[in-house]
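> One-letter residues, chain by chain:
There are 10 protein chains.
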Amino acid sequence: MTDEPMTATRAWAASQIRQAKAAQGFTWNDLADAIGRSVIWTTSALLGQQSLQSEQAAKIIELLGLGEDVKVALLLPAIRGAQAVDRTEPLVYRLDEIVQVYGPTISELVAENFGDGIMSAIDFELDFARVPDPKGDRVVLTLNGKFLPYRVW
Amino acid sequence: MTDEPMTATRAWAASQIRQAKAAQGFTWNDLADAIGRSVIWTTSALLGQQSLQSEQAAKIIELLGLGEDVKVALLLPAIRGAQAVDRTEPLVYRLDEIVQVYGPTISELVAENFGDGIMSAIDFELDFARVPDPKGDRVVLTLNGKFLPYRVW
Amino acid sequence: MTDEPMTATRAWAASQIRQAKAAQGFTWNDLADAIGRSVIWTTSALLGQQSLQSEQAAKIIELLGLGEDVKVALLLPAIRGAQAVDRTEPLVYRLDEIVQVYGPTISELVAENFGDGIMSAIDFELDFARVPDPKGDRVVLTLNGKFLPYRVW
Amino acid sequence: MTDEPMTATRAWAASQIRQAKAAQGFTWNDLADAIGRSVIWTTSALLGQQSLQSEQAAKIIELLGLGEDVKVALLLPAIRGAQAVDRTEPLVYRLDEIVQVYGPTISELVAENFGDGIMSAIDFELDFARVPDPKGDRVVLTLNGKFLPYRVW
Amino acid sequence: MTDEPMTATRAWAASQIRQAKAAQGFTWNDLADAIGRSVIWTTSALLGQQSLQSEQAAKIIELLGLGEDVKVALLLPAIRGAQAVDRTEPLVYRLDEIVQVYGPTISELVAENFGDGIMSAIDFELDFARVPDPKGDRVVLTLNGKFLPYRVW
Amino acid sequence: MTDEPMTATRAWAASQIRQAKAAQGFTWNDLADAIGRSVIWTTSALLGQQSLQSEQAAKIIELLGLGEDVKVALLLPAIRGAQAVDRTEPLVYRLDEIVQVYGPTISELVAENFGDGIMSAIDFELDFARVPDPKGDRVVLTLNGKFLPYRVW
Amino acid sequence: MTDEPMTATRAWAASQIRQAKAAQGFTWNDLADAIGRSVIWTTSALLGQQSLQSEQAAKIIELLGLGEDVKVALLLPAIRGAQAVDRTEPLVYRLDEIVQVYGPTISELVAENFGDGIMSAIDFELDFARVPDPKGDRVVLTLNGKFLPYRVW
Amino acid sequence: MTDEPMTATRAWAASQIRQAKAAQGFTWNDLADAIGRSVIWTTSALLGQQSLQSEQAAKIIELLGLGEDVKVALLLPAIRGAQAVDRTEPLVYRLDEIVQVYGPTISELVAENFGDGIMSAIDFELDFARVPDPKGDRVVLTLNGKFLPYRVW
Amino acid sequence: MTDEPMTATRAWAASQIRQAKAAQGFTWNDLADAIGRSVIWTTSALLGQQSLQSEQAAKIIELLGLGEDVKVALLLPAIRGAQAVDRTEPLVYRLDEIVQVYGPTISELVAENFGDGIMSAIDFELDFARVPDPKGDRVVLTLNGKFLPYRVW
Amino acid sequence: MTDEPMTATRAWAASQIRQAKAAQGFTWNDLADAIGRSVIWTTSALLGQQSLQSEQAAKIIELLGLGEDVKVALLLPAIRGAQAVDRTEPLVYRLDEIVQVYGPTISELVAENFGDGIMSAIDFELDFARVPDPKGDRVVLTLNGKFLPYRVW
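Protein chains in written order, with the working numbering: chain A, 2 to 154; chain B, 2 to 154; chain C, 2 to 154; chain D, 2 to 154; chain E, 2 to 154; chain F, 2 to 154; chain G, 2 to 154; chain H, 2 to 154; chain I, 2 to 154; chain J, 2 to 154.
Do not take every clue at face value.
[What the hints assert, rightly or not] Mimicking DSS-like on lysine-lysine, the simulated pairs with C-alpha atoms at most 30 Å apart in a straight line are:
hint, chain 1, residue 1, chain 2, residue 2
1, J, Lys72, H, Lys72
2, H, Lys60, H, Lys72
3, D, Lys60, D, Lys72
4, B, Lys60, B, Lys72
5, A, Lys72, D, Lys72
6, H, Lys72, F, Lys72
7, C, Lys60, C, Lys72
8, C, Lys72, E, Lys72
9, J, Lys72, J, Lys60
10, A, Lys136, I, Lys136
11, C, Lys72, B, Lys72
12, B, Lys136, D, Lys136
13, A, Lys72, A, Lys60
14, E, Lys72, G, Lys72
15, F, Lys136, C, Lys136
16, I, Lys72, B, Lys72
17, G, Lys136, J, Lys136
18, A, Lys72, J, Lys72
19, F, Lys72, F, Lys60
20, I, Lys72, I, Lys60
21, G, Lys72, I, Lys72
22, G, Lys72, G, Lys60
23, F, Lys72, D, Lys72
24, E, Lys136, H, Lys136
25, E, Lys60, E, Lys72
If you are wondering where the hints come from, they were derived from the structure by calculation, not from laboratory data.
Given the sequences, and given the hints that come with them, work out the whole structure.
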């Protein structure tokens with residue numbers, strides 16, 4: 002009985018990728034280009050929050066010169082629960098506070114413009130951009146989710 | 002000793018506005034136009050999460066035919082703490098889950114593209130749009146915050 | 002300034018309906034028939050967890066002989082957050098425990114049969130039945146939600 | 002003194018089974034057929050939430066070509082506490098939200114149709130099905146529990 | 002619109018009964034005799050944790066000289082959730098600590114003597130007795146619940 | 002520096018005993034007889050919740066053929082804190098719910114029958130029995146604790 | 002139906018006593034002398050944490066010139082749960098921190114000097130003194146509780 | 002890179018000392034005498050809650066025949082946070098409950114006898130004694146802390 | 002029985018003062034000057050976190066034209082527990098995060114520069130200043146607390 | 002597959018630095034001088050809460066005679082989440098209590114002197130000083146953060 006296979010988690014793969022990427026000077030955009038996906042999706046997939054296909058994992062491994070065990074780990078199911086993020090880290094907390102401050106407003110506007118329902122977090126995509134600004138450049142995140150109406154039966 | 006002034010809270014003003022607005026058929030866009038602000042800022046201000054100026058409060062009161070006591074309540078300080086939103090309401094929870102799933106990714110991309118710092122939630126604006134889509138229209142939220150680098154001294 | 006309109010909540014309407022229904026001997030099925038919806042949807046709507054249309058509210062009010070203020074309250078937005086249910090009440094806790102015990106199993110089977118995604122709780126319906134059994138009748142709940150695949154971009 | 006036997010937990014056995022099953026292309030249905038039980042019961046048993054009999058464990062081990070230590074681990078008591086499931090994983094959270102939204106409704110209907118009591122989570126079975134639908138296939142879960150009336154003495 | 006009916010809760014009825022009982026010198030045993038039930042069941046019912054039948058409520062009201070509104074409140078559904086008890090009150094905490102200290106032992110003995118299952122808290126009765134003892138009288142609680150085996154399917 | 006002695010905890014001893022007992026077919030009653038104590042006390046002591054005397058530990062070790070290191074671990078102080086039990090395991094949760102539902106009732110009856118004080122959880126014993134019943138055998142737990150009156154000074 | 006009797010709580014009585022005592026210049030020692038009890042017991046009783054006898058309540062009411070309704074409230078059961086104290090108030094927190102820092106030490110010394118058991122918080126008394134000290138006077142609290150050995154059976 | 006030095010924590014040193022002390026039959030009083038400090042201070046220091054001086058650590062090591070690595074660990078900073086104590090262990094919980102029940106009383110008496118301020122938990126000492134009593138010996142803890150008045154500026 | 006005196010809390014007094022101050026155009030500095038104290042101490046006292054003397058309360062009441070009932074409320078004990086502040090309000094949260102980020106650093110520097118002890122939060126003063134800066138003015142808070150060494154005995 | 006690189010965390014680097022610094026008699030000021038930064042920034046950086054540049058890490062490693070693996074760890078991203086500090090450690094708790102007691106006051110004064118906004122915790126610096134005082138030296142912390150006004154759009 003050995004517990005080695007248990008350490009080959011998505012978190013371990015993420016840490017291997019971060020190290021290899023830093024050592025070889027790749028950016029997340031480079032990795033995204035290698036598999037033909039957006040930079041947000043690719044980064045979240047390599048950090049463990051999306052399911053990867055075998056060819057995608059293979060390309061990443063090849064590009065970064067990592068071993069077969071990293072590839073195996075990358076094909077494990079995605080980990081999307083709360084333990085995958087520390088919400089008290091200052092950057093993440095700012096996002097949390099935005100939900101706190103603007104949550105009721107978004108509810109009102111979705112209700113008024115779409116009716117009774119939600120913005121999907123599954124049929125969803127997110128875009129990241131750096132927007133130049135003379136007073137200090139800005140982070141721009143675009144959240145784009147399908148409206149899902151409540152079913153009535 | 003009377004406790005009446007204590008009931009004229011921002012939450013009470015928000016509820017008065019919601020009722021008058023519904024009864025008279027106004028939209029949040031109408032209210033935003035009346036004070037010359039964006040619909041997100043206006044809605045969050047009227048729900049209690051932004052500070053209003055006296056003229057802004059006056060215009061809202063006039064438009065909706067509300068009393069002086071609602072105006073007084075609207076000039077109270079903004080309430081932006083966690084008690085102002087129920088994070089388990091399904092729509093708000095989806096936003097919460099997006100932070101959970103994509104928080105580490107956003108951290109990585111801000112660090113790589115900007116350096117050590119955060120996206121401000123104060124020097125921040127949010128845009129709301131309904132985007133038509135043949136498979137079902139989409140909610141699009143644009144978060145736009147200034148990058149703030151950590152000070153070194 | 003009066004706080005009366007604030008007491009006309011969905012919870013207050015639910016309590017008015019429960020009392021009138023009990024006093025006059027109606028069942029939830031009777032109320033469901035009156036508005037032409039399933040008994041689960043109707044019950045959850047009258048308890049405050051679904052949005053009602055004006056004609057639906059009118060029919061309920063008429064059937065039960067309740068006042069206009071109950072109708073107004075019934076047209077308020079649905080309340081679906083965690084405060085609307087006490088999860089430590091023994092019956093609700095059994096449902097909670099079923100999620101605890103069978104959650105990982107359902108995850109495995111959805112992944113194997115559908116791929117990476119979830120069962121929607123929005124495009125969702127629930128059916129309730131009493132099934133006779135010589136060893137003791139059984140409660141049968143059928144949860145039916147659309148599979149939503151994670152978007153890749 | 003060695004701590005090896007302590008690592009042969011139900012969780013460890015579950016992980017061994019998941020890996021062997023994936024490597025050899027078996028489905029949960031195949032494993033269920035091998036021991037003559039339903040797919041839900043079999044999956045939850047192999048994930049650690051049900052007690053297995055010695056012959057059942059033996060058949061699984063044989064089918065998947067696993068060692069005696071996995072069999073020993075499979076015969077440990079079931080683990081059904083909250084630590085066995087991450088309720089913030091998006092799929093499990095949807096189930097959680099369904100309890101939140103429909104819990105009071107189910108309470109009302111059980112009370113009206115059965116009297117004062119609960120739906121058992123012990124004398125209970127769960128069925129899983131994929132139901133085709135032109136607008137997108139659906140996950141259908143059937144919860145079937147014995148009604149237990151409160152004892153009066 | 003009046004909120005009076007909402008104050009006629011089970012908790013309010015319990016408080017009315019406790020006061021009338023104290024003022025007139027009745028014991029819980031007297032009330033139990035009046036309705037022909039055990040003292041534990043009767044006390045928990047009058048405190049709000051069991052469902053009463055109309056004749057039982059009528060007898061209690063008559064014995065204590067209480068009004069019709071108390072009777073109505075007594076016929077409301079039982080309240081058995083966590084909010085009905087303060088677990089940090091010293092007496093209740095001792096019960097809590099007994100579960101903490103002896104819980105694993107009871108699990109072992111149920112498993113060894115009955116198999117995989119639980120002691121029901123629904124098909125359950127509890128007995129209370131004062132047992133004389135020269136070193137100080139003792140409180141004796143007898144918990145008696147049906148064994149429920151896990152269903153296998 | 003070695004950390005081996007730290008692994009010889011009461012929890013480790015409990016796990017060694019459970020395994021040896023299962024492998025050799027002993028029951029908790031056998032172990033209780035070996036040291037001349039009740040089955041509840043013996044089981045809780047071997048699971049780590051009571052302090053054992055040297056001779057008692059020696060007898061258990063001898064009976065089960067375990068090593069000296071298990072005996073040393075058995076003589077460590079008892080572990081009675083909350084971490085020793087998972088209160089969400091279904092069987093333990095039923096006990097928890099019984100405290101929730103019947104706690105206020107027990108408070109009332111102790112106050113009425115004994116005065117202001119508590120049932121001790123220290124000068125306390127617990128008895129376990131399987132009681133045959135044609136409708137299904139029953140688990141009977143008898144809690145027996147000294148009444149302790151509050152001191153007045 | 003009136004909810005007045007429900008406001009005559011122990012907390013309300015405590016507030017009435019504090020105000021009358023302050024207005025008339027009495028100290029807690031004066032009140033303790035009036036009923037012939039220690040100052041700690043008397044203060045905790047009047048704040049709601051001990052059960053008072055009818056003559057004791059009568060003497061307090063007479064001394065402070067309070068009404069019969071306060072006396073009735075003083076005879077209600079003691080409230081000793083966690084809601085009766087704010088543990089984050091700085092003075093109370095210091096006591097909390099003392100338990101945090103010295104708890105393990107007290108456990109060791111009780112075990113070594115008395116054996117396996119606890120210091121009772123029921124058969125317990127507490128003394129308060131101001132001890133002069135040239136570097137600043139000191140608060141001295143003496144906690145005196147009966148040792149209770151764990152029962153073995 | 003080795004992680005051995007990280008295991009030489011204060012908690013590890015405490016466990017080494019407890020074992021050596023038990024094996025050689027020393028009491029905490031013996032250890033206190035060896036360094037010329039009170040038994041409470043010495044015990045809490047050796048358990049990790051006080052800072053030791055080099056000569057004190059040397060004397061303890063010599064008396065118990067422990068190694069240099071234990072001495073090094075004893076000179077690490079004190080650990081006084083909440084993780085150093087399990088507040089649900091029955092003995093510690095009794096102390097916790099005493100703070101719960103008597104906290105408001107102590108606040109009142111400090112305010113009345115000293116003014117606005119607190120009892121220090123830093124300029125503080127604690128004494129432990131076993132006091133014989135025919136009805137059962139008693140644990141007596143004396144808490145002695147400097148009064149600190151709130152600064153006004 | 003009236004519950005009016007219970008509403009004359011420190012929180013109510015704070016709200017009365019905030020309103021009168023705003024209506025009449027006073028600043029916190031004006032109020033501080035009126036009683037000859039610093040602006041931080043005065044503001045915290047009027048918000049309820051410090052004990053006021055009778056003359057101080059009188060001066061404030063006179064300056065703002067408030068009633069005797071506000072003065073009575075101002076003389077109630079200070080409220081310094083956690084319920085007096087919403088730590089999720091964005092401004093307060095930033096202070097909270099500063100403790101989170103710099104807490105270990107301050108511990109290290111206090112230990113190195115002063116020895117084993119703490120910075121008092123009681124013998125403590127706080128200063129507030131607005132410091133002009135061409136890149137944006139700055140908030141400067143000076144925390145000044147007496148070092149308290151741990152007592153050794 | 003080796004998990005060694007995962008142990009080279011910022012926390013591990015901090016512990017290596019603390020040990021080397023203590024063994025060689027350096028102060029935090031010495032380390033700050035070596036990299037030309039303030040003592041607060043340097044200490045927090047070496048404890049893991051700031052991002053270090055390669056030359057800074059190199060100088061620290063050289064000064065303390067540490068290995069290349071410590072340098073690599075020092076260049077990992079900063080860890081600023083809540084897990085990096087134990088807020089119940091007495092010194093840190095005093096800071097926490099200061100936020101609790103003075104938070105609302107600071108909110109009032111920022112609002113009055115700057116308008117609607119916050120004090121940045123990012124564009125922020127902190128200064129530490131020991132100030133001699135005949136009654137006992139004082140810890141003085143100066144918090145200096147840029148005022149950020151809420152954006153209006």
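> Does each hint hold? Answer for all of them.
Each hint tested on the structure:
Simply put, J:Lys72 and H:Lys72 have alpha-carbon atoms about 29 Å apart, close enough for the 30 Å limit, and the pair holds. For the hint linking H:Lys60 to H:Lys72, the alpha-carbon distance of about 9 Å falls within 30 Å, and the restraint holds. Distance check on the hinted pair: D:Lys60 and D:Lys72 sit about 9 Å apart at the alpha-carbon level, within 30 Å; holds. Taking the CA atoms of B:Lys60 and B:Lys72, the gap is near 9 Å; set against the 30 Å cutoff, the hint holds.
Proposed proximity of A:Lys72 and D:Lys72 is supported: the alpha carbons are some 29 Å apart, at most 30 Å. The suggested pairing of H:Lys72 with F:Lys72 holds, with an alpha-carbon distance near 28 Å, which does not exceed 30 Å. At most 30 Å may separate the alpha-carbon atoms for a hinted pair to count; C:Lys60 and C:Lys72 meet this at roughly 9 Å. Note on C:Lys72 and E:Lys72: the hinted pairing holds, with a Cα-Cα distance of about 28 Å set against a maximum of 30 Å.
Annotation: proposed proximity of J:Lys72 to J:Lys60 holds, straight-line Cα distance about 9 Å (limit 30 Å). As the CA atoms of A:Lys136 and I:Lys136 are separated by approximately 10 Å, the hinted pair is consistent with the 30 Å bound. For the hint linking C:Lys72 to B:Lys72, the alpha-carbon distance of about 29 Å falls within 30 Å, and the restraint holds. Simply put, B:Lys136 and D:Lys136 have alpha-carbon atoms about 10 Å apart, close enough for the 30 Å limit, and the pair holds.
Straight-line distance between C-alpha atoms of A:Lys72 and A:Lys60 comes to about 9 Å, which keeps the hinted pair within the 30 Å bound. For the hint linking E:Lys72 to G:Lys72, the alpha-carbon distance of about 29 Å falls within 30 Å, and the restraint holds. As the CA atoms of F:Lys136 and C:Lys136 are separated by approximately 10 Å, the hinted pair is consistent with the 30 Å bound. As the CA atoms of I:Lys72 and B:Lys72 are separated by approximately 29 Å, the hinted pair is consistent with the 30 Å bound.
For the proposed pair G:Lys136 and J:Lys136, the alpha carbon gap of about 10 Å is at most 30 Å, so the pair holds. Using a Cα cut-off of 30 Å, the hinted pair A:Lys72 and J:Lys72 holds, with the two alpha carbons roughly 29 Å apart. The hinted pair formed by F:Lys72 and F:Lys60 meets the criterion: a straight-line CA distance of about 9 Å does not exceed 30 Å. Proximity of I:Lys72 to I:Lys60 is assessed by CA-CA distance (about 9 Å); at most 30 Å being required, the pair is judged to hold.
Between the alpha carbons of G:Lys72 and I:Lys72 the distance comes to roughly 28 Å, so the proposed pair stays at or under 30 Å and holds. Of the supplied pair hints, the one linking G:Lys72 and G:Lys60 holds, its CA atoms being roughly 9 Å apart against a limit of 30 Å. For the hint linking F:Lys72 to D:Lys72, the alpha-carbon distance of about 29 Å falls within 30 Å, and the restraint holds. Annotation: proposed proximity of E:Lys136 to H:Lys136 holds, straight-line Cα distance about 10 Å (limit 30 Å).
Annotation: proposed proximity of E:Lys60 to E:Lys72 holds, straight-line Cα distance about 9 Å (limit 30 Å).
Checked against the numbered hints given earlier, the structure satisfies every one of them.
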